[in-house]
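Residue numbers (the numbering used here), protein chains in the order written: chain A, 30 to 258; chain B, 15 to 238; chain C, 15 to 238; chain D, 321 to 548; chain E, 321 to 548.
The calculated label-pair distances, taken between Cβ atoms and stated as ranges, are:
hint: 1; chain 1: B; residue 1: A18; chain 2: D; residue 2: T394; range: 22 to 30 Å
hint: 2; chain 1: C; residue 1: E62; chain 2: B; residue 2: I149; range: 24 to 32 Å
hint: 3; chain 1: A; residue 1: L235; chain 2: D; residue 2: F345; range: 21 to 29 Å
hint: 4; chain 1: A; residue 1: L238; chain 2: D; residue 2: S390; range: 29 to 37 Å
hint: 5; chain 1: B; residue 1: V135; chain 2: A; residue 2: L211; range: 55 to 63 Å
hint: 6; chain 1: A; residue 1: R96; chain 2: C; residue 2: L29; range: 36 to 44 Å
hint: 7; chain 1: A; residue 1: L211; chain 2: C; residue 2: E206; range: 47 to 55 Å
hint: 8; chain 1: B; residue 1: V135; chain 2: C; residue 2: L142; range: 29 to 37 Å
hint: 9; chain 1: D; residue 1: S390; chain 2: B; residue 2: S35; range: 38 to 46 Å
hint: 10; chain 1: D; residue 1: F345; chain 2: A; residue 2: V65; range: 52 to 60 Å
What the hints contain is simulated information worked out from the structure, not anything from laboratory work. Predicted model, so just to flag it, every value in this text is computed and none were measured. Glycine is no exception: its CB is placed at the ideal position from the N, C-alpha and C atoms.
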Amino acid sequence: MKRAFPIFAILTALLLSYALYAALVMAPTEKTMGDVQRIFYYHVPSAWTAFLLFLINFVASVVYLIRRHPLADIVAAVTAEVGVVFCTVVLVTGPLWARPVWGIWWTWDVRLTSTLVLWLIYVSYLMLRRFSSSSQTPVLAAALAVFGALDVPLVYFSIWIFRTQHPQPVIGGGGSIDPRMLHILLLNWLAFLCFAGLICWSRYRLERLRREVEETQALEALLEPRRVL
Amino acid sequence: MSLAGITGATLAKDLRLEWRSKDAINAMLFFALLVVVVFSFSFDPNAEESRQIAGGLIWVAFLFASVVALNQTWARELRNQALDAYRVSPAPANALFLAKTVGNFIFVGVLEVLMTPLFIVFYKLRALGPAWQLIPVAILGTWALVVNGTFFAAMSIRTRSREIMLPLLLFPISIPAILAMVNATTAILTGELSSRFWIVLLATYDVVFTIACLLLFEMVLHAE
Amino acid sequence: MSLAGITGATLAKDLRLEWRSKDAINAMLFFALLVVVVFSFSFDPNAEESRQIAGGLIWVAFLFASVVALNQTWARELRNQALDAYRVSPAPANALFLAKTVGNFIFVGVLEVLMTPLFIVFYKLRALGPAWQLIPVAILGTWALVVNGTFFAAMSIRTRSREIMLPLLLFPISIPAILAMVNATTAILTGELSSRFWIVLLATYDVVFTIACLLLFEMVLHAE
Amino acid sequence: MTDQSSAAAAPIIIITDLVKQFGRFAALRGVSAEFAPRRMYAILGDNGAGKTTLLRVLAGLSRPTRGSVSMLGTTDLRAICRHVGYMAHPSLLYDELSGTENLRYFARLYEIEGRQRCASVISAVGVDPLLPRPIAQYSQGMRQKISLARAILHDPQVLLLDEPFSNVDVHSARDIGARLAQMRDAGKTIFVVTHQSSLLESLADEFVWMQAGQIVTRTPHLLPVEAR
Amino acid sequence: MTDQSSAAAAPIIIITDLVKQFGRFAALRGVSAEFAPRRMYAILGDNGAGKTTLLRVLAGLSRPTRGSVSMLGTTDLRAICRHVGYMAHPSLLYDELSGTENLRYFARLYEIEGRQRCASVISAVGVDPLLPRPIAQYSQGMRQKISLARAILHDPQVLLLDEPFSNVDVHSARDIGARLAQMRDAGKTIFVVTHQSSLLESLADEFVWMQAGQIVTRTPHLLPVEAR
Ligand code: HEM
Ligand SMILES: Nc1ncnc2c1ncn2[C@@H]1O[C@H](COP(=O)(O)OP(=O)(O)OP(=O)(O)O)[C@@H](O)[C@H]1O
Ligand SMILES: Nc1ncnc2c1ncn2[C@@H]1O[C@H](COP(=O)(O)OP(=O)(O)OP(=O)(O)O)[C@@H](O)[C@H]1O
Ligand SMILES: [Mg+2]
Ligand SMILES: [Mg+2]
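Here chain A stands alone, though its shape is the one from the complex:
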């Protein structure tokens, strides 16, 4: 187990560099947009990864509310943090792409707005964790996570009737895509997933360690004689 982590880390690094090479060199250049389009290989996998992490966060929160297992809380905290990071990547790469392609940084359409709302919800989730002064922070956070998850479909509905400028989903949607692009996209996604998994893993270990240290310190505090105040 101890050795698994560095091995996984090296594999991820290799995968990421290969994916980068694939995205920048191997992938065919898009006809209308040109090289700018290559940001696509970062934009889309980040979005998918973020969604996946938020999904895990929701499941872990529900598990925590039912079982009160501290590990579920750690998983929820970690996935929210990393998910926010990936979501931020989407929100940064999107406008970077939009500027040359659409001529504007931002517009209020379905995909953009919903991503922004999602980001806002999970940032507020992290804020709550940071600012809570209660010893029951996990409960509060889990409740908020459930609210956030309930909100997401409603956000989609509510912005449904906006006009959209953003491309339709590649998979399942009507859009068609060069199979080579699709392969490289999936490769990048795999690399991103590994990367996200890696960060989550180390964050998870760190968080568990932190809590263990806290517990030992608390135990020590129990044992050492208390200063009389």
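The hints should help you fit chains B, C, D and E with the ligands onto chain A, whose structure is shown.
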């Protein structure tokens, strides 16, 4: 029965406290009045333009005003730690939640009833769509604001700097509701589009979140 | 010297209460972002009309921030009746007033600095008039908001009968300031008119009301 | 003291290895104790000994970090909160309501029939139930008494009182002490945290001494100050 | 008790026919008294007798309806507030600051040099000045002690203490009593409102009994409870 009884008692207590101190309604009223004035100075509305933006205006004013009111009503429970007296009693947590929600609904409702005529006069509003639909929109929209507001206010009293925490938690979750109420109002005022979709969305939002709040409130109340 | 020293001490205490942690600035940044986003959802930033009222919008956002800030600063003094400790001390009443005003000014000012770029981006604002003039307008306008706000908030906590009429009586006093700041902002943004007049008005208002507040605050503080 | 051999009775409260930590600071450090029903316990100890923390855990307001509390045969303290009365340092009352209005509200929370009972409880603690002032304008001692009235309003089986005698005048303190003894004789179990132990000298059945988050001794009689 | 014949000294406080009404209710109903300097007065009386109201008037926090107070030779109480220390029922402190931070702030209000003095005053009342917690997390008794520390921080001539012993443990109460006696011996005039009169039995110079808004007797010795 017990739930209704205790909700009633708590609501009556809240209304009496507010009647005696008038903190919440005072703060709300002051703020909302200023908002009307700010906007009426910031542009010279002709009927067409104001119809376009009045929906947003009204609801932003009410949203901010309810944040102020919500903070006040919970601050009252924290003074002398009166909330602890509720927590040690066998009264169901949801009774407190419902009472607070209904109480704030009444406060914000009173504010709306007072402010709407002002808005109409200042902005020369006349609905081109079916004006009666504004009533369900107002009721559903206000409920959406206060139901989540009450829940998150209860959550934010367990945090440091709780006054600023309430908007931080409330706004992201409320975005679909805000969109729905603003768009519904604009649709009715301009009469160009149907407000059906938005009203249904708002109703769904209300139902979903009222249920979620009722299910989770007990946990939040007793999380210390 | 004593006045400055005690103002400084009180201000430092308030800031410490507010900023116990570095997270506070993150919270404020997020708050600013949320407010701007809520506005964008309520007023379509692409619409010509919204651009027209951006001056008003910005000031409503700042107003909201100051209401939150003001409520918080005085509530703190009332808890445990800490204000009485100030009242029995030889510290001058005006030091308290100045500290509170400056504290709120800083709080609202930070929010303004955070929010303005966001507004500019979201609403694609580009001043057609001399943009630098926005800075004195912002400073003078914010000062007008907080100096009055601090005074009236203090008054409403010190008077026994927090009458419902209080906001109605108080708020005509704030109208000239709001008129001036909104009009100055709009004048600068549209570049159609000169903002000179409004800036001078705002400056006069600030001077007059700061002096009036300083003269009257001692009475308000020691009224019982 | 009561003559019943209540030591033989099954304990009404069993505390097992209770630990309450606030961050790295342990306010309760492994408290284990059993308390028999129908007795009055005086809980004594220096400031910061952990008395309030213990009471809050017993009242179900604060979740212990470790350890468990079983009361009236269950560890689910929410389930039996109807039978527990709790009085704290702060008044737990609404400043803008009068004493009677406050109690009426709390009576409805416990679903008991209000008017008669509220008036009699307020008179019992020595305040005029007809006083129309909001309690923000009561004197500190009067507020304290109303706070006590709130705790005993629903005639609970277990009474947790945090310094009921502080700020209360000598006569009233004696009356309240006598009244608590009466309640004990009527079958209640009463915990009184206090620094005025002499008031309970002849009333309490057992004195529980706390120090630095632990129960250090339990004596049937009050020790002189020097011996503590 | 001090042996100086301080009765002969010019009074430091002269109260003339003081009336304080809240609406139709008179909390003080014509109090007239003179108090000599360098003495410790214990003010006793039932709940609601008007003790706190009297102290608030003396501290200049509350304006009398009628009558006047002259202290240290002036009737302008604002002018001499530097020489008066006041401790109330509520703590008058900021919950979010630690004890030391609170005192540092108040030291600056009195324009006295902070650090050293604050630490020594906090130690003097029996709290650890290095405690980093905000006082919201102190125990009630610790908070009470910090509140007392705030009142004596600027070494005032006249000290008005409203129930300094409530919620304070027995040992600390004795220490505080002894400390107050020391201060009296150092030339301060001290008023202590309390319900634990036995703590001051051998310390106070005079016992002032209030009842229903009036001073009814002043005795040099404590009367037994029954005789009151
Ligand atoms: C401006 C901010 C932008 C944001 C917040 C954003 C957000 C997103 C998100 C969340 C997804 C994943 C959605 C899904 O798979 O259902 C996505 C996918 C995608 N985005 Fe963007 N985007 C932005 C700008 C752009 C621009 C300017 C383009 C190019 C014209 C673009 C092209 C795409 C494409 C092609 C996909 C893949 C579609 C799919 O397979 O679903 N995006 N974007
Ligand atoms: N919320 C909290 N956070 C951190 N520490 C706390 C908290 N509550 C209490 N403590 C600490 O726990 C210790 C015990 O506090 P507690 O209130 O139980 O004392 P106590 O025995 O009731 O004292 P007193 O007689 O003064 O009321 C104190 O040192 C206090 O500072
Ligand atoms: N602000 C007020 N408004 C109306 N009545 C008041 C106010 N403050 C005090 N009173 C009344 O004045 C009377 C005296 O109050 P005071 O607080 O002086 O009593 P006290 O002697 O300090 O009592 P305790 O020992 O309980 O503290 C009480 O009956 C109280 O209800
Ligand atoms: Mg205690
Ligand atoms: Mg008193």
